[in-house]
Each structure stands twice: as C-alpha cells, then as structure tokens.
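Asker: Given only the sequences and the hints, what does the whole structure look like? Please build it.
Under the numbering used here, the first residue of the sequence shown carries the number 13, and numbering increases by one thereafter.
Source of the hints: derived by calculation from the structure; they are not laboratory data. A virtual CB, placed ideally from N, CA and C, is assigned to each residue, including glycine.
Per label pair, the in silico range of CB-to-CB distance:
no., residue 1, residue 2, range
1, Gln136, Val74, 19 to 27 Å
2, Gln125, Phe90, 16 to 24 Å
3, Ala23, Glu92, 38 to 46 Å
4, Arg20, Gln138, 15 to 23 Å
5, Ser61, Val85, 41 to 49 Å
6, Ala23, Asn98, 36 to 44 Å
7, His130, Gly94, 14 to 22 Å
8, Val97, Ala23, 32 to 40 Å
9, Asn128, Leu18, 19 to 27 Å
10, Phe28, Glu100, 30 to 38 Å
11, Gln93, Gln125, 27 to 35 Å
12, Met88, Gln143, 17 to 25 Å
13, Thr96, Gln125, 16 to 24 Å
14, Gly84, Tyr54, 44 to 52 Å
Only pairs whose alpha carbons sit at most 16 Å apart, straight line, appear in this in silico EDC-like list of lysine to aspartate or glutamate:
no., residue 1, residue 2
15, Lys110, Asp121
16, Lys110, Asp81
17, Lys73, Glu92
18, Lys73, Glu37
19, Lys142, Asp121
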Amino acid sequence: MCIQLLERYNAEGEAFLLHIPTVDESWVHHYNPECKAQSMKYRHKTSPSPRKFKVVVSARKVLFTVFYDMEGVVHMEFLEQGQTVNSERYISTFRALKLRLRRVRRDKDSILQHDNAHPHTSRQTQGALKQLELTALPHPAYSADLASSDY
Numbered sequence: 013m014c015i016q017l018l019e020r021y022n023a024e025g026e027a028f029l030l031h032i033p034t035v036d037e038s039w040v041h042h043y044n045p046e047c048k049a050q051s052m053k054y055r056h057k058t059s060p061s062p063r064k065f066k067v068v069v070s071a072r073k074v075l076f077t078v079f080y081d082m083e084g085v086v087h088m089e090f091l092e093q094g095q096t097v098n099s100e101r102y103i104s105t106f107r108a109l110k111l112r113l114r115r116v117r118r119d120k121d122s123i124l125q126h127d128n129a130h131p132h133t134s135r136q137t138q139g140a141l142k143q144l145e146l147t148a149l150p151h152p153a154y155s156a157d158l159a160s161s162d163y
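Answerer: Here is the structure:
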C-alpha cells in the first residue's frame, strides 16, 4: 500500500494530498447560561436576593466528529444526546461526507484516513465504504517497536 501511495504522489504531486480527508472525534463540553433577563425575578426590596447556582461546565457533552483535509473542514457532525457510535451511525456519516466531498471538493477518489476503532473497521462499514467508493488507508499491524509511547 505504501508503494502505491508513493507512486500516486510522484505522479500527481501535491494535488494528491488534497484527496485525503482525515476524521477526528472529540467530546465537547457545553452549557447554556441564562441571560440577565432570564435570571431576573420580581421581589420586594427588603427580601433577600435569590441564590444562584452555577452550572458546572461539564454538565453536558456531545461527541463532535469533524472531517478535514489540506484545504480545511469538509464536514462536521454532532452526535445527539443518548446516541452511540456504531457502524450504522458511522455509515450515515460517510454518506453525508461523500455528498459533501462531491459538492465542495469535486472529489471522486478520496482516501479516508481514520482510526481503527470497531465501528470504523466492521464488515458493515467496509461494505459501505466500498459502495460509496471511499478507500480507507490501512493501519499497520501493532508492533511494540513502533509504539508511539516509546518516543
């Protein structure tokens, strides 16, 4: 695979690198603070002001998935509350990505770079990638000699 990629890079030059969207997933913490008008309460002058409790920043979090390449962000999604990342969810994300790549990058032969988590490498996902004509960069086999934690 490395030789094929190198040959393609030598043939196409820097333009080849534009065909490699990368995906990253990250948890994003958020909360919606009240504005001043929302937090106001009518009270008598002599009554004590109501206590306000601060919302902890990590009270809510959503999974943010972003696809980007050399030119910038191609596609992004937020995982709705209560959903889990599984093959079906990942496949629907790929379908949206493929439409976006056609519209934004006019790309026909993208090489997707993503990690090897189970939803990304399942048979269902691999079949969908083939159907959508998206190629995934293969991951090398794990080797203790190549572990990044050693560096």
